[in-house]
Amino acid sequence: MRDWLIYRTFWDLTVTGVALGSIYALVALGYTLVYGVLRLINFAHSEIFMIGTFASLITATNVLGLPMLEAGQYPYRTGFQLVLILLACLLGSMVLSGAGAVALERAAYRPLRGSGDQFGAVVLAFVSAFVVGLVFFDTPKSNLIFGIIGTGPIAFLYLNIFRRGRQAPRLAFLISAIGASTAITEAVAIWGPRDREQYQTPRVLEKKTLFKLFGTDIRIDYVIVIIGALLMMTALLLFVNRTRLGRGVRAVAQDVETAKILGVNVDFVILITFLLGGVMAGGAAMMFTLVYDQSKFNIGFLLGVKSFTAAVLGGIGNLKGALLGGLVLGLSENYGSALFGGQWKDVIAFVLLLVVLMFRPTGLLGESLAKARV
Amino acid sequence: MSDNLLELDHVTMQFGGVTALDDVTFAIRRSEILGLIGPNGAGKTTCFNVMTGVYTATNGAVLFNGASLAGLKRFQITKRGIARTFQNIRLFPDMTAIENVMVGADVNHRTSVGGALLGLPRHHREEAEGRNTAMELLTFMGIADRAGDAARNLPYGYQRRLEIARALATKPQLLCLDEPAAGFTPAEKIELMDLIRKIRDQGYTVLLIEHDMSLVMGVTDRIVVLDFGRVIATGTPSEVQDNPAVVAAYLGVPDDDA
Numbered sequence: 001m002r003d004w005l006i007y008r009t010f011w012d013l014t015v016t017g018v019a020l021g022s023i024y025a026l027v028a029l030g031y032t033l034v035y036g037v038l039r040l041i042n043f044a045h046s047e048i049f050m051i052g053t054f055a056s057l058i059t060a061t062n063v064l065g066l067p068m069l070e071a072g073q074y075p076y077r078t079g080f081q082l083v084l085i086l087l088a089c090l091l092g093s094m095v096l097s098g099a100g101a102v103a104l105e106r107a108a109y110r111p112l113r114g115s116g117d118q119f120g121a122v123v124l125a126f127v128s129a130f131v132v133g134l135v136f137f138d139t140p141k142s143n144l145i146f147g148i149i150g151t152g153p154i155a156f157l158y159l160n161i162f163r164r165g166r167q168a169p170r171l172a173f174l175i176s177a178i179g180a181s182t183a184i185t186e187a188v189a190i191w192g193p194r195d196r197e198q199y200q201t202p203r204v205l206e207k208k209t210l211f212k213l214f215g216t217d218i219r220i221d222y223v224i225v226i227i228g229a230l231l232m233m234t235a236l237l238l239f240v241n242r243t244r245l246g247r248g249v250r251a252v253a254q255d256v257e258t259a260k261i262l263g264v265n266v267d268f269v270i271l272i273t274f275l276l277g278g279v280m281a282g283g284a285a286m287m288f289t290l291v292y293d294q295s296k297f298n299i300g301f302l303l304g305v306k307s308f309t310a311a312v313l314g315g316i317g318n319l320k321g322a323l324l325g326g327l328v329l330g331l332s333e334n335y336g337s338a339l340f341g342g343q344w345k346d347v348i349a350f351v352l353l354l355v356v357l358m359f360r361p362t363g364l365l366g367e368s369l370a371k372a373r374v
Numbered sequence: 001m002s003d004n005l006l007e008l009d010h011v012t013m014q015f016g017g018v019t020a021l022d023d024v025t026f027a028i029r030r031s032e033i034l035g036l037i038g039p040n041g042a043g044k045t046t047c048f049n050v051m052t053g054v055y056t057a058t059n060g061a062v063l064f065n066g067a068s069l070a071g072l073k074r075f076q077i078t079k080r081g082i083a084r085t086f087q088n089i090r091l092f093p094d095m096t097a098i099e100n101v102m103v104g105a106d107v108n109h110r111t112s113v114g115g116a117l118l119g120l121p122r123h124h125r126e127e128a129e130g131r132n133t134a135m136e137l138l139t140f141m142g143i144a145d146r147a148g149d150a151a152r153n154l155p156y157g158y159q160r161r162l163e164i165a166r167a168l169a170t171k172p173q174l175l176c177l178d179e180p181a182a183g184f185t186p187a188e189k190i191e192l193m194d195l196i197r198k199i200r201d202q203g204y205t206v207l208l209i210e211h212d213m214s215l216v217m218g219v220t221d222r223i224v225v226l227d228f229g230r231v232i233a234t235g236t237p238s239e240v241q242d243n244p245a246v247v248a249a250y251l252g253v254p255d256d257d258a
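Going down the list, the protein sequences come from chains A and U. Letter 366 of the first sequence, counting from 1, is numbered 366 in our numbering, and no numbers are missing. Letter 182 of the second sequence, counting from 1, is numbered 182 in our numbering, and no numbers are missing.
The shape of chain A in the complex, shown without the other chains (with noise of 0.2 Å):
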């Protein structure tokens, strides 16, 4: 009676569905942003996500105050309270996730381009030695005291190692991306309070019924999230069409060396980029806390891969496509799980994939971030 069951929560997979991809989408956005004047795969972008989700967290527990319980009830909060506390959480992750994305960009890539940047080095200097330190004392003072100790003599290696105009090979890019994405979630892993164990979020929000459709009830939250991702990603299109810097972005998408001569800042605008991406993922992961209620050192993971995934099968470089691949992604996952059953969500998110790439190599609205036109 699978068809039967399907009949029923038709519209029920459909609203969650759209919401799961919305959230794909959003995590998308950043993969494809990277993609589209980098040329490369941002692969630390998931735990970028990860920071996020956690930044919620901190900000409803340690910076408002919220208890996980309550009476033996969820700290539930209504009205201009609520909208409040909401708020102040999406803050709390755009702004982590956004300065995570800026700093990633500064000390994991931009030495690696040649640009002769001391930020960087110092940064990367600083983690070197600091993890070396690790090795040899195990407190974290210690740790720390040497990391700073360390840091003058590395970043001066560092400076003549990745000087001006000395540029890495592509592989060493995805390399510093991987490493990175290890290193954060492992640091997240070590240094969380509760090692590796799953955190729940305080459900502030009571999960009510907004209002039914088609015989479906939905639920707030996934209002929120729907409404919340579409409001980004309208501002996001807006901003890079219609304003300078994003005009800049799309020039040093089509073509670098013509935007630098042209008098853009070729690393000012990668910068904006990665902060896009982060600020992207920043909101995603507050509305992943708001309908998961809970994150994990590993959280970015399955969900990154699922939303590069996403970008590709829209066409990676391409913001609408981006946002198109989250949806098709969601919407596909819930109903074949419907279809076939829960255990076989993942199967079909990348059989899908491999479908759309056998007959559509370069995604569902093909690459370039250049073409992303309102």
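Hints listed in this document are in silico derivations from the structure and should not be mistaken for laboratory results. Careful: at least some of the hints might be erroneous.
[To be verified] Each pair of labels, with its calculated beta carbon distance range:
(1) A:I161 <-> U:P244: 52 to 58 Å
(2) A:A187 <-> U:R125: 56 to 62 Å
(3) U:D201 <-> A:A235: 40 to 46 Å
(4) U:F228 <-> A:E257: 25 to 31 Å
(5) U:G148 <-> A:F268: 25 to 31 Å
(6) A:V347 <-> U:G148: 45 to 51 Å
(7) A:L213 <-> U:N132: 46 to 52 Å
(8) U:R152 <-> A:F301: 37 to 43 Å
(9) U:G148 <-> A:E257: 21 to 27 Å
[Stated by the list, open to error] Just so you have them, the derived chain A footprint on chain U, three or more residues with Cβ under 8 Å:
(10) 76–85
(11) 94–103
(12) 120–133
From the three backbone atoms N, C-alpha and C, an ideal C-beta is built for every residue, glycine too.
Since the structure of chain A is provided, determine the placement of chain U on it from the hints.
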């Protein structure tokens, strides 16, 4: 202020063992059209790249407005006032014509990310300004009728002119044109000559690298001739035309003299 906008002072450029430029000295004066010519492989492009800061000279100095450009990033050099076009057209193919020009005009704008997101008045003013400037330049170049078309769909002649409009949008002091007439019909070349004169009359200094002799002779105020990385002649078009060294470089030395 000195009469010279750009000076090359005993510039030598070597790539490994190859000497591309050998002790080159000449200057570009303000508000003139200077032609840089020479047979294939004479070092014109290298000279061009040294002038625009793409390469740093092995020896000697390049002074723009009396200051060296060494160590500056490419976008900073553009801000100092040097713009160029390419021998093989390099537009942003998927942007519209007007957007291509606006990218150039953006050099002189400074709205921040925050300003753009909040829609501050300066952002709107600069966007409007950029659009107006771009439209004026397109009109000046005679291609305003296709302003909304993607650059890739423009006819060849339009694309060449669009590149010049885009370079002008950065408000340069020196405009460098690298073979702007390549692929043009004789009628189009005459139009282009008029345009280059009009550009000069607006106060720009123009450096013209060109193969086409009729164009160079017809439009330039002075000509510098390069051969094998050396300056073999400098002067007005008529002076250069009669110079035996130039004739030899272009037509080859007769066998019995060699």
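Status of each hint after checking the structure:
The hint said 52 to 58 Å for the Cβ distance between A:I161 and U:P244, and at roughly 54 Å that hint holds. For A:A187 and U:R125, the hinted distance range of 56 to 62 Å is not satisfied, since their beta carbons lie about 45 Å from each other. Taken as a hint, the range 40 to 46 Å holds for the pair U:D201 and A:A235, whose Cβ atoms sit roughly 45 Å apart. Roughly 28 Å separates the CB atoms of U:F228 and A:E257, a value that falls within the hinted 25 to 31 Å.
In this structure the hint that U:G148 and A:F268 lie 25 to 31 Å apart at CB holds, the actual value being about 28 Å. Checked against the hint of 45 to 51 Å, the pair A:V347 and U:G148 passes, with Cβ atoms roughly 46 Å apart. For the hinted restraint 46 to 52 Å between A:L213 and U:N132, the CB-CB distance of approximately 48 Å keeps it satisfied. At roughly 40 Å, the beta carbons of U:R152 and A:F301 sit within the given window of 37 to 43 Å.
Here the CB-CB span from U:G148 to A:E257 is close to 26 Å, well matched to the stated 21 to 27 Å. Beta-carbon proximity to chain A at under 8 Å applies to 4 residues in the segment 76–85 of chain U; the threshold of 3 is reached and the given coverage holds. Judged by the Cβ-Cβ criterion of 8 Å, the segment 94–103 of chain U is covered by chain A as claimed, because 5 of its residues qualify and three suffice. Chain A is given as covering the segment 120–133 of chain U, and this holds because 4 residues of the stretch bring a CB closer than 8 Å to a CB of that chain, at least three being needed.
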